[in-house]
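Undergrad: As a plain string of letters, each chain reads:
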Amino acid sequence: MVQTQTEIRVQTQDFDLGAEYQQLASQSDCGAVVTFTGLVRDYTDPQKVTSPAPVSELFLEHYPGMTEKALASIVERARARWPLGPVTVIHRVGALPLNAQIVFVGVASAHRQAAFSAAQFIMDYLKTEAPFWKKETSGGQTQWVDARESDQQERRRWE
Amino acid sequence: MKVLFFASLRDTLGTSELQEPLATGESLTADGLRERLKSRGEAWQKALSQPSLLVAVNQAMVPWDTLLSDDDEVALFPPVTGG
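Just so you know, the protein sequences line up as chains Y and H, in that order.
Residues 1 to 159 in UniProt numbering are what the first sequence spells out, letter by letter.
Residues 1 to 83 in UniProt numbering are what the second sequence spells out, letter by letter.
Quick caveat, the hints were computed from the structure, so don't treat them as lab data.
Some hints here could point you the wrong way.
Lysine to aspartate or glutamate pairs mimicking DMTMM-like chemistry, simulated, CA-CA at most 25 angstroms apart [claimed, not checked]:
1) LYS135(Y) x ASP71(H)
2) LYS69(Y) x GLU26(H)
3) LYS46(H) x ASP42(Y)
4) LYS46(H) x GLU149(Y)
5) LYS2(H) x GLU68(Y)
6) LYS135(Y) x GLU76(Y)
7) LYS135(Y) x GLU20(H)
8) LYS46(H) x GLU68(Y)
9) LYS2(H) x ASP65(H)
10) LYS46(H) x ASP31(H)
11) LYS2(H) x GLU129(Y)
12) LYS135(Y) x GLU26(H)
13) LYS38(H) x ASP146(Y)
14) LYS69(Y) x ASP70(H)
15) LYS69(Y) x GLU42(H)
16) LYS135(Y) x ASP70(H)
17) LYS135(Y) x ASP65(H)
18) LYS135(Y) x ASP29(Y)
What you are looking at is a predicted structure, and each value in this text was computed from that prediction instead of being measured.
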């Protein structure tokens, strides 16, 4: 029996990759589990002379209520395209230091193709539709991170 | 209706939330609301003219020609940058 539970969490605290994987792997008889973890990286654009210092911290703002709905809607659209087992999406908010875990997408399915594709689909839509905004701190200055056209292009290939 | 602003837009406007009453029988689109808010001053005019702004009604993203109701929660925000 394939479980089709969707778990969406928006939280300040960190998450345990191993525990999240175990939960996905143990919940069903799925033959494949694909997990993606996003980390806080140095967002400083080397082309921008205005941000010479490395990024030391990110602050993640979100729209409580809408964020969870947007993530659930993205997972539902993935389920409409591929036969999926349990799916977990976790996104952290608040202040996050460099290299911290920021996002987790875990997808279980009977076979790897659906799990790989759905994980990528969920991330591509998360980056363009889920209401999160990053503010970076570098050299004591804070500035909002600009959206990237490449993220829109990644999302459009699913249309 | 309740109007919310997020991220850089909220910082620029210096406001996170306001009430914008809709007269009985009045027909207003999300774009019409944006035009109305622009009249609040130069900072509003400039910030709300950004072509990349997004709008959500009752916590779902919608096109700018969506008609609004007085009990809607409308949110205006810049392109999202999560993940």
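Undergrad: In ascending order, which of the hints set out earlier in this document are inconsistent with the structure?
TA: 1, 2, 3, 6, 7, 8, 12, 15, 16, 17 and 18
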